[in-house]
Structure formats: C-alpha cells, structure tokens
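Trainee: In case you want the letters, here they are:
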Amino acid sequence: MTSITDGELQPQPLAAGDGGIDATPDGAIRRRRSAKLIVGLGILCIYVIMAVLAPVVAPYNPLAQQIPDALAHPSLHHLLGTDQLGRDVLSRIIYGARVDLVAATAASVGACMVGTLIGLLTGYAGGWLDVALTRVMDMVQTIPSFTLLLVLLLVLGPGARSLVIALIVTHWVVYARLIRGSVLTLRSQDFISAAWLAGLRVPRILLRHLLPNVGRQAVTYLASDIILAVTAIASLGYLGIGIQPPTAEWGSMINDGQDFLSSNWWLSVAPGVVVVLLGLGLALVSDSFNERKDRL
Amino acid sequence: MARLRYVGKRLLYVVLTLWGVSLLLFLLMHALPSSPGQLMLGEGGTPDQVVAINHALGYDRPIVAQYLSYMGGLLHGDLGTSYLFQRPVSDELRIALPVTLKLAVYALVLDVVVTIPLATIAAMRKNKPVDHAIRAIPLVGIGMPPFWTGTILLVIFAVAFKLFPAGGLEPGVGGNLRSLFLPALTQTIVASAILTRSLRQSILEVLQSDYILTARAKGVRGLRLVVGHVLPNAVVPTLSLLSVLFAGLIGGVLITESVFALPGIGSMVVQAFQVYDIPLVSGITLVTAALILVMNLLLDVMYTVLDPRVVLK
Amino acid sequence: MTADMPRHEGVRWRPGTDSQGADPLLRVRNLSVTLPTRRGDIKAVDGVSFDVLAGSALGLVGESGSGKSILLRSILGLLPGEARVSGEIYLEGQELNALAPKQRAMSRGKAISVIFQDPMTALNPVRRVGAQIAEGPLVHYSLRRSAARARAVELLSEVGIKDAAEVARRYPHELSGGMRQRALIAMALACDPKIILCDEPTTALDVTLQKKIIELLKKLCLDRGVALLFVSHDLAVISELCDFVNVMYAGQFVETGLVSQVIANPRHMYTWALLRSLPPVDGPRVAPLSIGGLPPDRLHPPSGCRFHPRCPVAQPRCTALPYNLKDVGQGRRSACIFGDAALPVPQEESGVAR
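Chains as they are written, first to last, in the working numbering: chain A, 39 to 334; chain B, 921 to 1233; chain C, 2 to 355.
Isolated chain A, as found in the complex (with noise of 0.2 angstroms):
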C-alpha cells in the first residue's frame, strides 16, 4: 500500500481502453481471448454431457441406495464416495446435471423469449401500454426474487414445471429492460423509418429488422442469467422447496452433506465446486464473447 500514500499513481498509457488493448501486439490480445472461448466451451461441454449421456457415463443408479455403505470415503469404487443413504455421490452429481442445468437453461430461455417478446411490444408500441408494463417490470424488480419464487410455488404447487414457470416469471423482467432500451434507441434510427415507409408492417419491421439488432444483446445476457438460474434452483433445493428428494439436486445435496462437516466434508463441497465450475465456463464464455463485440 506504500505506492498508494508515497508515491507516483501508476499513469495510464495514452491509448486508453481496457481488455488488454494497451502497447502490446495485437495477436497477444487474440490469442488471449480465443483461449478463454476454448477453455469455457470445454467447461460448458462436459456439463453438457452430464446433462445428456448421464446414464451413459455415471457409474451407479443415482437413487440406489446402499445403506451399508453410506458416508464411504471416496475410494476406487466410488470417486466421490457415497452420502448418508449409501448413494454414489459421482453419479448423482452427474445426473444432478439433468435436474440443475436443464431446468436452469429451459427457465433462462423461456424468460429471455417472454422477456424479448414483451420489451419489442412495449418499446415498439409506447404509449400508456409501455408505461403500464413498465410499472409491472418495476413491481416485479422490487421484490427480491426469493420471496417472489417462494409466493410464485405456494401458487404453483411442488414439481420441476412449476419451478421452470416461477423462475420465468421471476427473470423476464432484465431481458424485457434491455430490449425496450435497445427498440427506444433503434426506433429513433432512420432504418426503420425507410422500413415503415417503404410499407412494412409492424410484426415485419419487428423481426426482420429489430431483432436481430437488439437479441444479441438478450444472447449475451443469457450466460449470466443461466448461472443465476442455476443458483436459484440449487438455493431453493439446499431449503427443500422445489425439487424434491429422492431427486438427485446438488443444492439439495449440499444441505444433506451440512451434518456431517467434520467427517465427509466433500458431500456439501463437492456439488458446490461443480455449480462454480459451471458459473466460471458460462464467465469465461460470455466475456469473450463480449470483447469480440468491442472490437467490432
């Protein structure tokens, strides 16, 4: 800290700009770049494989249980060893991805269509519609997602569809913001006026021309928003609401494991590593993503 209070700031270079465009060769930059693209699909791969080959690749029957064996250490038979009721760890985190990510990225798409959807009508339409909608995606924004999704269950009842659906309706509201913003500012620009003019109608001049200005935007919110989905569906199962025991979870998982702390710590780590894995992929991938749109 002595540079700090002493000393000379460290100046910036003249060619301002962050993301590593300072005096240093541009394939450096690049290379960097498509490193972390490569790195994060690896990540996002394997989870997807989880999701997909789960009966393929997991060693044991995630809901067999084996009470003589429960609480093992991991071991050759069992790489994680097993939980309180003698199941292989391994295998339910595996197929944990087919609950976790699955449910996770129906419920991210789903908000990003619904919210897409609402922010052209509203941007497009204006008017006391726009400011009404407004007011709601205000409403909804005000409450903390938590005791939303709790309201939204008591309503909905138990399940995985019922979850898919509350998580939607919690999310839309960011994905709706940003594409009314982007519609405000496109409206304005002089494309769609020769658009309008030259006889378009508003649906066409909607989808032809629009979208595909503004969903980039919505796409690159997406990594984020699954991660966020993730977390949601996993702090929900860690409280035993939503996705129910025997079904493999790893929130659920994560709280079974909080008994024994001292003994088998991994069963609470362990399903935690792999949500932050996944978060870090979903990160690494939606920067670059980012930085190349910079560069554009």
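By construction, these hints were calculated from the structure, which means they are not laboratory data. Small disclaimer: the values here were computed from a predicted structure and weren't measured. All the given hints hold, so there is nothing to weed out.
Simulated restraints on C-beta separations:
| id | chain 1 | residue 1 | chain 2 | residue 2 | range |
| --- | --- | --- | --- | --- | --- |
| 1 | A | A108 | B | M1222 | 49 to 55 angstroms |
| 2 | A | P93 | B | D998 | 50 to 56 angstroms |
| 3 | A | G219 | B | M1222 | 22 to 28 angstroms |
| 4 | B | P1228 | C | D207 | 23 to 29 angstroms |
| 5 | A | P283 | B | S954 | 20 to 26 angstroms |
| 6 | C | A151 | B | P1018 | 47 to 53 angstroms |
| 7 | B | A1053 | A | V311 | 17 to 23 angstroms |
| 8 | B | L932 | C | E175 | 24 to 30 angstroms |
| 9 | A | P93 | B | N1047 | 42 to 48 angstroms |
| 10 | B | D980 | A | S226 | 49 to 55 angstroms |
| 11 | C | R40 | B | L932 | 56 to 62 angstroms |
From the three backbone atoms N, C-alpha and C, an ideal C-beta is built for every residue, glycine too.
Here the structure of chain A is known, so what remains is to put chains B and C in place on it, guided by the hints.
Mentor: Same frame as chain A, now just chains B and C:
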C-alpha cells in the same frame, strides 16, 4: 429545497409501487388452488370444519370486500394473522426483522470496505499480477451460490478453526458482530465480485480524465488524490449498479439466514412456506419489497449528493 | 498549522535586460520522449534544448502532433507510464528528472504550475471551484482551510471574476466557459508560481474570450513577474503575448528567437510557411496559403531535414544533412540551410508546394 421536493416525489412513487405490490400479492394469494381452511387442516379436516375456518377468516366473502378489508388492514399496519404462530404477522416481524436488518447493514458495510480498496488497487496496478488476480475473482465468484459459500466458510472458520460461532445469534454487541460476520461475508463475496469489476473500470476511466491531470499538476498525489478526486467521481456509476443489485443482495441475505440458523425473516419465510402460512409469506414479501424501495430511495438521494450535476427532476 | 506563504517577488523581463549573468529559471537540455505504440516507437520529442528566463514569456508554436503538448507534460513529469524520457530539466537549478517520484510529485503546483486547454474538463465536476483553487496552498503550505479559502476568493477577483466569494462556492458546471478558464488561471496562480505552463489555453474559446484571456495573462505577467511557457498552434496569439518563440516541427525545434524578429524575418522555411498561412488582419486581402503535403510520419520521419518533403525550396542536400540548430546571430537559431540570411522567396506563388 429542490432536494426535499425530489425526496417527496420519490416517496410518493414508493408508496404507489408498494400498493401495486400489495395488489399483486393479494391476487396471487387468491389464485391458490386450495382455500386457507384446507391448507390449515390438511387431510384430516372435514368439509364442515374447512367451511367454518374459511368463514372465520372471511374467505367466503366477495373478493372486492376481502380486498378492501385487506387494504384497510395494511393502512393500519395490520398484515394479517399468521396461521403458524396464531399471532399477528406484524408481531412476528417485529422480532425477526431487526436481525435481518442488522445482517443487511453489516453486509453493506463489508461490501464498501472490501470493494473500494480492491478496486482501487486493481486500477492502480493495471495489468500487473495483482490486477489479474483481482479481476479473476468475479469469474469464480458469480457462480458461488451464497448458501454454499456460507457452508464453506462454516467448515473453515467455525468447524475447523473455531473462530466464529457455527450458527445462531449471540446476544450483545460483540456477540452480534461475531455471529453475523460469516453470514455477512458470504454475501460480500458475491457482491464485491460484481461491484469491484464495475468500480475498477470506473476508476480507470476517471484516471484518464483531464481534471485528474490538473490535480496531479497541482501537486495533489497519493491518498489525497484518490480520496478527494478519483473516488468521488468513480463511485457514482457503481452506486447505480448497487441500486440494481440490491434486491438480489437482500435475497441472498434471506437465504444465508437459513445456512447460519439466524432468527431473521429469511428463516421465518422458509418455515412459513413449508406450512402454507399465506399471511406470513405475503407479509414478509411486502416488507422486503418496502425495504428495497426505501434503500433505493436512499441510494438515489446519495447519488444526488455525490454528483451535483444531477438534475433533480 | 499555518505557514505564511512566501510571496514571489518577480520582475517582468524586458528586452535589453542583461540576462547573461542570471541563470535561466528553466533549463531544458537534450530532452527526448519516446512513446511505444502498437506500430513501433515514436519519438514525440527529439533532443530538444531551451531556456526560459525569469519573468519572460516563451511561446512554443507547432502543428498538432509536433510534440509540444508532450513537451509540456514531460517538464511536469506527467507522462504515461510507458513513455521513456531522457535528458535533463533544471528548475531553479534543481534537476527534475533525477528526483524520486514522490519528490517530483511534490514539486508540481508550487514553483511551476499549469493551465490546460479545455476548461470544461479540466475542473473536477464534483467539487466546488473555490475548494479546488484552495487545494494547492493547502497541500503545499499547510495553510489553514479558512486562509486557503480566502486566498482562493482573492485570486478569483484578481483574474477578473465579479462576486468572487459567491462564485467560489459554485460547481464547475455552473460557470460559463470564460469564467471556468479564469478559474483555471486562478488555480495556476494559487501557490505563487515562478513559471506557468500553458497548453493552448485559448484554443477552446471563442475569439472575444480569447482576447480577454490573453489580456489577463499579459497583466498577470506584468504584475507578478511570472514566466510563461505558452504552447499554441496559433502564431498570432503567441506574437501578442510572448517575448520569445520556439518553432517546433516533428519533435524538433526548427527556429528560435525573439518573437518580433522571427515574425518579421523568419529564418526557417517552416516558419515562413506558417506565417503565410495566417490571413492578414489589415492590408489587402490575400488568401492564406496552406502548407502542402502531409504531416510527417512520426514512426519513420523523413531523412535529413524533416520538413524537406513539404518545403518549396528544398535542395538535394536537405535530405542528407543531419539536424543542426545553429546560431544565426542576434541570439537566434535556425535549423535551415538558408537560416543565416533572409530566406529565398519560393518561385511558385500559388502557395501549395509540391
């Protein structure tokens, strides 16, 4: 004077939004597939008992009438009666809310204490190893669910090293500070990851500006430059980000309470959920919404104080 | 803790003052600044040497990219981190480049201060104007806050702002452009400097405002005897304000001397071309003549005299002879082969050189 008018207008907006939220909650509550009577009695109740309870709760009245008495109750601070505790919701909240508030404030303070130095160091040592390390944290941090980080912290600091209590709220100021530290830290890990990235970027932009050059040309340097010139300008956009993130942070706080067995409204709402205690869930939701609205208002006002260019509309 | 601020007792320099005896206030020797860029190293300032006498005004004129702003910044030591500096800078006999960063930082704003170009962006938008002016004395002389503030108000009136006390409490965005520039000048005067570096302070202003600011600077020089190092691309402004002028091209000085002499009788073709590009205020209307060709490539500058590709009277040896800023009498210097006497008048009167 203009500021007071601004605050007044925003307060009006807060009230309106709260009203909207309450309406939304009311509608959702009445969209439940089962009636309160059924939920309270479960399998064992006879149809007559169910009807009796519903009548006692006023559930069989026309919906408009129910809404009016609901609104009337709200205006008096009456949030209904909890099924679970058989007591007014507001009473339950009066006990639990302070715990949550303490945790939230603690978390915010930690956020500031952690984010500002980290972002400043990262910006000052741009592209050096320290900077890369600090920038790498959000990549991992965003994927760390608060409840898991909480568990990890528990394992390390409470179980292995026994530095902090493993849950529950110890009385007294010292006890509070000790027991709330790990839960607050849990939330800070996530929040500071996001805020640091934003503040760092903001500081870098500010460092390029002419007025910083002017200040340095005057001989201003070191801490005085950072605190007097760089930070006041750099925190402004990050403050906006904080506004947006705040709802999420509160959500995280609520969940973390369950990890650490803290008797706040977070733990309470989970219990309430599991027994379909609608008034309690609804009341807590309304209160948290109010909390967020007030916090956003405070942040907005702070924004106008920090940046005199903001026009108070 | 109050310390009395020393008052600078300076005297305005006059032509004929015997400056042989006194040491120059500012001496720059062989200053070079190299900036690494993506495409290679650029020598923004290339082996520049000059003196500024106490109480005098030296103008630095050159086009954009000639290196004059970088030169100013290097005197202050405020270059980007990867800039490489060589050469010496002596302020009142002390070598600035040899100072440790902390010492260097502390030297700014005291004996030497700056006025930057754009008054809109040079002031901190979230702090009051008076506080910003008062900051210098606070930092350098540990003045009590009230004393520093009072001084700020004094300075604001001195630079011609009415209701100085009220203006001091305002924020920069509440002032007009002219007032902001005056506030910047007040800020530069705050610690009673011996020399003020000016980086095109009038460029961003409209013409009437320009005139007022120049008048103000002249008056301040007279009253306080403070020296000026005035950078501009506008020779007309420099001729109004400065005693001496150094003409800069592609990082080098191509001509130096008294302003009146250089303008009346230029000794370098670039100076000649610059003068030709100014429209005359009085006399017959003559269209200004632009300097032909393109600005020099800073990565790979032309060989020999860097101006030769654009010079209407360039000779074959101009591409080969090394740079040499030689004395040409009367205290003047020129790097042109024709510098010893009056310049040859170019054949083509169209003005746009080949």
